[in-house]
Amino acid sequence: MTLPPGALGATPPPTPTRALPPATVIAGSLLTAWPMIAHAGLLPPCGLLMLLAWRLLAPGALRPWAAAPLGLVDDLVSGQPLGSAVLLWSLALLAIDAAERRLVFRSFRQDWLIAAPLIALVLGAGRLVATPLGARVDRVLGAQIVATALLFPAAARTCAWIDRRREAA
Amino acid sequence: MARPPDRRPGFSRRAQNNLFVGYVLAVAGAIVGAVLLVASRFDPPAFRAIRSAAGEVTAPISAALGSANGALAAAPDEVSGYFGVHAENARLQAELVATRRLLTRARALDHENARLRRLLALRDAAGDVVIAARLVSSSASSARRFGLLDAGFVAGVREGQPVEDPDGLVGRVVEVGPDSARVLLLIDAESLVPAARAGDGFPAIVAGRGDGLVDVRPVNPAAGEVRPGDLFVTSGAGGIFAPGVPVARVDARASDGGVGRPLARADTLDVAIVRHAYMPPPPPPRQPTP
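Protein chains in written order, with my numbering: chain A, 1 to 169; chain B, 1001 to 1290.
Derived by calculation from the structure, the hints in this document are not laboratory data.
Mixed in with the good hints, there may be bad ones.
As the list claims (entries may be wrong) - Label pairs and their in silico Cβ distance ranges:
no., chain 1, residue 1, chain 2, residue 2, range
1, B, Arg1265, A, Leu133, 27 to 33 Å
2, A, Val146, B, Ala1222, 41 to 47 Å
3, B, Glu1159, A, Glu167, 47 to 53 Å
4, B, Arg1227, A, Gly142, 57 to 63 Å
5, B, Arg1261, A, Phe108, 40 to 46 Å
6, B, Ala1222, A, Ala95, 34 to 40 Å
Note that the Cβ used here is the ideal one computed from N, Cα and C, for glycine as well.
With the sequences and hints as input, model every part of the structure.
This is how it looks when you write it as structure tokens:
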């Protein structure tokens, strides 16, 4: 039986290309190492963005359980309490699975429509577990959510570009 | 594009099992995350250790990027400085004349201050400097406000030590690795610093808000109120922060005190000075009553 390259059960590509998608997610998380002392949490969580883009654009690129280890890496460098990204990223991928079951058609706009509320939910829940309720971070959080959702097409472009290279390799 | 017809990978038992195991692992990952999250409420030392290990890896990268970035950013300044040097010279000469008078007065005041301090037998408040390091990166994508310092316990940095920059208080060290340390910034929503108004010593708590500003809450609201323009310095109450370090200037009044902005501009990769944690002097022994 022949399967399309991304499908489950198909022979996985050789290791270096297989490791590329998780590596880009980790690279996104590591963007917090950029030398800048931020006064408010405005930097979009690029690790999450890459994770969602990979999952929505190339479902075979990440294993279903990849969110937990990738989330752990993100927790180590993001400043969030340890375990928040492990939990929230896993739930986000499971939510995408549940949504996919109900969808008949796939289009990029639909992917964006799935990603945007997930970004809002993950960032909102991350704020709730990290800071006390009284903290005045909600306006900044709103801006961060909007910025992140608007960056999704760019992340998707990056994924598609890498995926094309990956398949060519 | 229509979705692929079926998600089941055919009749292969092995492929079906793999898929199933994948989902079991995904759910297990979420559960592990929840457990970690609950555990991190109690902040066990193991978590600190692996987080500082991550800091060890990223701090040198950030420092290198920072110096490269700084060199690039400084280039236009250097070019324009070359041309503007004459005007600058004239300006500085004028400033020197103006400052000389002030300096003489400050010297006299300093002398008098030293004399009065000797009279009062005051201990010098500020703790000794542990090391001057740099803040190299921060938790820019999180709602928490942490900074990463490029010095750790090899250099003598310990948990709880205050971090200052030349303008004022930056925060305090919360996690230490061999050559990096995590600093809880003054503007984090969980940061509290006991402070007093410069001038009359009116006590207040400076609490971070998380959005780059701080709340200045009077300890005893009945005793007075916070006014815009007030300067608050650390009071030394409770230890850790030595008294007299500038903390924040009040910008506006709020319902429970004032809203201010921190004096230390920690947005630049400036020198951050780590000091030994301040221990308030013990109260004088009570005279035994005869």
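Going through the hints against the structure:
1. B:Arg1265 with A:Leu133: 27 to 33 Å: 29 Å, holds
2. A:Val146 with B:Ala1222: 41 to 47 Å: Holds, at about 43 Å.
3. B:Glu1159 with A:Glu167: 47 to 53 Å: This hint holds: roughly 49 Å between Cβ atoms.
4. B:Arg1227 with A:Gly142: 57 to 63 Å: 31 Å, violated
5. B:Arg1261 with A:Phe108: 40 to 46 Å: 43 Å, holds
6. B:Ala1222 with A:Ala95: 34 to 40 Å: 51 Å, violated
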